[in-house]
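With chain D fixed as given, assemble chains L and Y onto it according to the hints.
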Amino acid sequence: MKKRILYFIQALLNSYAILFFSQNSVLGALLVVVSFFNPVAGLAGLVCVCGTLLIVNQLSYQRENIQAGLYSFNTLLIGIGIGSFYHVNAAFCVWLAVACIFTLILTVVLTSWLGKYGLPVLTVPFVLGFWMILLAASSYAEIGLLPKQSYLLNELSAGQVIEPHILFASFNNVQLPYYIKLFFRAISALFFQDSVVAGLVMSVGLFVHSRISFSLLVLGFAVACAFNAWLGIYPEGIGHYHLGVNFMMVALAIGGFFLIPSLYSYLWAIISVPVAFLLVGAFTKMLSVYSLPALSLPFCVLTILLLYFFILRTGAGKLQLTPLQHYSPETNLYLYLNNKDRLRNLQYLKLNLPFLGSWTVSQGYNGDITHQGGWAQALDFVIQDEDDKTYQESGTRPEHFYCFNKPVLACADGIVEAVVDYVEDNEIGTINLQQNWGNTVIIKHLTGVYSKVSHLRQYSIKVKAGEFVKQGDFLGLCGNSGRSPEPHLHFQIQTLPYIGSKTLPYPFAYYLKQQTD
Amino acid sequence: MKKRILYFIQALLNSYAILFFSQNSVLGALLVVVSFFNPVAGLAGLVCVCGTLLIVNQLSYQRENIQAGLYSFNTLLIGIGIGSFYHVNAAFCVWLAVACIFTLILTVVLTSWLGKYGLPVLTVPFVLGFWMILLAASSYAEIGLLPKQSYLLNELSAGQVIEPHILFASFNNVQLPYYIKLFFRAISALFFQDSVVAGLVMSVGLFVHSRISFSLLVLGFAVACAFNAWLGIYPEGIGHYHLGVNFMMVALAIGGFFLIPSLYSYLWAIISVPVAFLLVGAFTKMLSVYSLPALSLPFCVLTILLLYFFILRTGAGKLQLTPLQHYSPETNLYLYLNNKDRLRNLQYLKLNLPFLGSWTVSQGYNGDITHQGGWAQALDFVIQDEDDKTYQESGTRPEHFYCFNKPVLACADGIVEAVVDYVEDNEIGTINLQQNWGNTVIIKHLTGVYSKVSHLRQYSIKVKAGEFVKQGDFLGLCGNSGRSPEPHLHFQIQTLPYIGSKTLPYPFAYYLKQQTD
Amino acid sequence: MKKRILYFIQALLNSYAILFFSQNSVLGALLVVVSFFNPVAGLAGLVCVCGTLLIVNQLSYQRENIQAGLYSFNTLLIGIGIGSFYHVNAAFCVWLAVACIFTLILTVVLTSWLGKYGLPVLTVPFVLGFWMILLAASSYAEIGLLPKQSYLLNELSAGQVIEPHILFASFNNVQLPYYIKLFFRAISALFFQDSVVAGLVMSVGLFVHSRISFSLLVLGFAVACAFNAWLGIYPEGIGHYHLGVNFMMVALAIGGFFLIPSLYSYLWAIISVPVAFLLVGAFTKMLSVYSLPALSLPFCVLTILLLYFFILRTGAGKLQLTPLQHYSPETNLYLYLNNKDRLRNLQYLKLNLPFLGSWTVSQGYNGDITHQGGWAQALDFVIQDEDDKTYQESGTRPEHFYCFNKPVLACADGIVEAVVDYVEDNEIGTINLQQNWGNTVIIKHLTGVYSKVSHLRQYSIKVKAGEFVKQGDFLGLCGNSGRSPEPHLHFQIQTLPYIGSKTLPYPFAYYLKQQTD
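Residue numbers (the working numbering), protein chains in the order written: chain D, 5 to 521; chain L, 5 to 521; chain Y, 5 to 521.
Hint data in this document are derived by calculation from the structure and do not stem from the laboratory. There could be a bad hint or two in this list.
Since the list can't tell identical chains apart, any single copy or any two copies may satisfy a pair.
Stated by the list, open to error - In silico PhoX-like cross-links for lysine-lysine, where the CA-CA straight-line distance does not exceed 25 Å:
(1) 410 with 354
(2) 448 with 410
(3) 344 with 393
(4) 474 with 344
(5) 410 with 468
(6) 344 with 152
(7) 152 with 410
(8) 466 with 410
Chain D with its partners taken away, still in its complex shape (with noise of 0.2 Å):
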């Protein structure tokens, strides 16, 4: 029980802090608190972050996405843009849940979809979403909302900076420059707000969470804010919403998050700011027939696009796409460089793991029970639920445990060197002390250089000796052979091609560590 609110606590703060491309609770708890500066906002927000949660637990979604706020930061959004817009009465609740099952519905088609292609849905849902709401309420004779007097929308829709008279006065009479003030009522308009007060407060949270993230923002902050000077697009300077869901927007996510931080990824930064000009422009004039603001649909089909543009090149060149998302600039960043560090030396020889999927080590070097001495250097994997338990129904027997029958892949290319595949399955409880290693594969990979895949289960080897393997090439199945007293995968490096040699240590090139807290 205890998990299960932390879980749903966990995928309520990702909603939130996901908006700048982050996983960090304390950020994600900053801005719950910002969005109760205007109450009636934070609130729908909030509930409908919850339900959405609570619907997509209910339909079976992805654990991992729903966990990651993927399908509830959209929905959020909504909740937020109705709340600031209109009055509440029973009619608002209607059509926010309306509103809510729809953008949660385009949600997750959408993140299927662009996913296919390797590609983030961002705040397109959203848009849509809130698009039809704007479009229906004013399409009926009464539907039952009562828009609010808003500047925000108006300037929205007519594409021109309209300056407020009377706005938020308490928040923004703050003694600052022009441009600071801006900054800040900028980064609070991800909320429909403007106050430099949120700005600053969520700032500090961004700071906290990333200084490349937030020296990112200043970046399209200042490259806007000079080519508006220079061109004098927006006479009057740029509104502050569009400058900060749209062009400090993609300035961060192509310079900083999609893209491993370089002088290359901040230069196309730059570039991307006015391209974006251009999207604003043009989506602003054909949406202002249906009386429709852009929202930050520019900053969405331009990411994407430079997105797919950036994977379809044949190389990476200078400019690398991050690999693994950690959800932070410095992770990404720290983890490249240290991995092309790290893995220098093996560049004939880069190990994957012999496994699709998250599995849990439940042994690893040196561990309590059979990893010591010569043999230290080994791996025992096994699959987790989120309770921690391998196995499901009562767990006495082999087809209960969630990774028997799982595919053992050759964690690189290679010639396959001996294979044992008679040995019998164990049933629970027993191990078999005979035929110590059970069901195993050992592949040369280099002079020296060889993998052992052991514990697999009987008859499910598909390679004989001789043959040459490539990497992820189907070995066999896990099983729960050999000294073996429940199905896991043991996994060593040896140095010797024999089925009883000691192990070397030999690190992976390529995985995602999962946090656990």
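This is chains L and Y only, laid out in the frame that chain D set:
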């Protein structure tokens, strides 16, 4: 020839019946009759359907799709639409043909593209094709089309209900309560009619076809009217067109066709109605810019999105998608419950068919020729064409037979027990009584449950004894070895691992039976 | 260096020639000249092409696509378009660069996405990119772009023909019949020109390149004019822009480029013209809401839809899609007929190349080194880079050679007759005269027709004698065993199943020959 005419008539009737997600010929025939209540529209629709069927036959698209009417129901609607709104002249014929070809192209393209995601195309091609005609007619100074006086198109484009003054007086002067008349008028909207009598006739056909479908139309009607009454969205009542084509159809599609009917499917049918209101309003508003009606687009978009939303769940839970479409809610429900019951004791071993595509049983259990005595529970499979022939050309060589060289698959997981692959394939007309079973694979699935496939092609078998195979793995090619006068596949389940073992009756878990009439 | 310049020039000329579906350098050069009839537009176009080529080279996209001009013809049009409609100033340069980058991104993304379905991108990126500029220019109070006085853009946006009063008088004051002048003006519309002389020059280039293409342009012209005359759609005659860019181009694309030219392809070219009228009208009407011209979008949409419509047929029938594009209707037709004739007697055995991708024959039939006497009909294959080198780095290890470790495939269905896989790979520079053929696979296809691949990598062979293989099945990896001083693949057809058998001349059925100049 008679077969061809039957095939054509079936395709024709299905093009009508599928508008209500049915393949019922009686319903189809009734709908043909109703379409002629507006003679010009009915004729234009019929001409479009016949033309479409000729073209797709000529260009050799998938026969199953042609027969189900999947390529022709959108052009049917185009014909009815153009026939309803324009006067007949030379230009009428030209543009009818052009619109029909364009809609057909869209139908084929979208059917394939959405089909990749397991999604239906619904009436999207009709909507797009009809828009093109409406736009072109108002774009050029002169296109030759003469619009009829039609309040319906005005009403649709304006998005407001305009009470018709003189409408099909004879049809609608029936003494019935308002809501009952509205219900039948809404049903008739599918054919751009506004007629109590037409709706009544269609309802009778639908009621005969499926009580579940009818109950869902009533449910959609009631929820839409209640929701409208509560919020007062359309102060003068919902127009019969949107009511029938969008609100009621979405309830039918979600509640009983794409989902197995259940309390939960009805719940989602109810939820989908308010969401449909959102889309009808939003689309009407957007399209009013172009003076275009939303037609059935809200229904299409919502149904397709909801379906993909459900497909993307990782588990089915209480909401079951229809696994194999039998075009009848009752049949879908019956087969779902029946299979659940029938296969309850087979949780460890659910058999798939040992091949791909559509085959025919040439000799079943207790067959006349060889499936007798202890060997009676066996099945012989061949591939037949529309004339029930098993071969093309002269049929004097194994290569002439449709099933020859087709892949044979493992019907379930297991360990290969025995393989024979050296028996030569017979010439046509001769049989090999020395090696009765020819090339054979026997797989052990459970203790006492073995499957055997026989008469495979010489040297085509890719598995070896002792090897583990997964369900659907390639075993070898269908051949003509052993006691086989012509190529066919022999399949049986047996309790012992030997080549001559006796048979065990055992059901297949998943397959689609084709209607033969 | 010289190679690089040639490569660049070829890519440049192809970017122009491909506008008429050609790779003819003379046509390309003529088009460059014609583009400079409007000097600013010509220069802007040239700058965009050069910039695009630099960027895609820098970011390492597919070389074949770069060389064919596939990434640069859309930015060429953007340059010509912006150069034709705006005055040159500082802002002009900025927005030209921004539009060029955005169009390039769209080109890469759409080329890949449509390519997954086997579809071309045509000028869709240009249309979208140009719309963005038009929209942005009219959206902002001030963007810095000064529009030229252009009747063309007004005409396009209005959808009506406005007779120009003062247009390129010197170019059009030619004494020719109205329709002939209109034909040449229509051809020149591709570059946003309205000039009889330009059209004449382009027509000459096109006529030299392909008489079929020219005839299709005439056909499209005639059908469009006749259809318009009949229905009186444009009472004052079709505008030269739509005539050239939409009606004539669609006839060219369908009648002779994407389909093998035939009576049926010409028939579909004729059918496509009225459908294009539907789309031109509909799109013009829709886009008039945004004051945007339809440009070449009707052509793009119709061609892409029709192509996919044809691709989705289950059989080719009388309408053949171009299987391998040679960028010339005549060549496509010749090769299609030639192959049909050449391979008529090979109906049971049509050979594919035994590898993937693009390889070079290093020693052909009757070669200088080893392909002599009874063993003369053999082919040695290697992979070369643009400098004709077969290796990278120092070339002192087999791994340095491009072809090493590449998969070797079965050229046709058959039964594996013999396998040798134990011969060690040679170090570079040494050869193994004891085991002349190295690791080898021999496949029996028909009685008296065996294929042999030799010099494979040790232990890489995945098939065994007696096994049935399908065309394209993986046999092993290219290696350096036997009489092989450097890694290469030896391929031959022979009449006997033995390793040293003599060769039989036999053609490949399907391959694409690359032009070398």
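Hints and how they fare:
In this assembly of identical chains, residue 410 and residue 354 lie within 25 Å of each other by CA distance both inside one copy and across copies; the values are 23 Å within and 19 Å between. Taking the shortest alpha-carbon separations for residue 448 and residue 410, both the intra-copy value of 23 Å and the inter-copy value of 20 Å come in at or below 25 Å. For a Cα distance limit of 25 Å, the shortest separation of residue 344 from residue 393 qualifies neither inside one copy, at 35 Å, nor across copies, at 29 Å. For the identical chains of this complex, residue 474 and residue 344 are intra-copy neighbours only, at 23 Å inside a copy versus 39 Å across copies, given an alpha-carbon limit of 25 Å.
With identical chains, the CA atoms of residue 410 and residue 468 are at most 25 Å apart both within one copy (19 Å) and between copies (21 Å). Taking CA atoms no more than 25 Å apart as the test, residue 344 paired with residue 152 passes in neither setting, with 54 Å inside one copy and 54 Å between copies. Proximity of residue 152 and residue 410 under a CA criterion of 25 Å is satisfied in neither setting, with 56 Å inside one chain copy and 66 Å between copies. Proximity of residue 466 to residue 410 under the C-alpha cut-off of 25 Å is found in both arrangements, the shortest distances being 14 Å within a copy and 22 Å between copies.
Comparing the model with each numbered hint stated earlier shows that hints 3, 6 and 7 do not hold.
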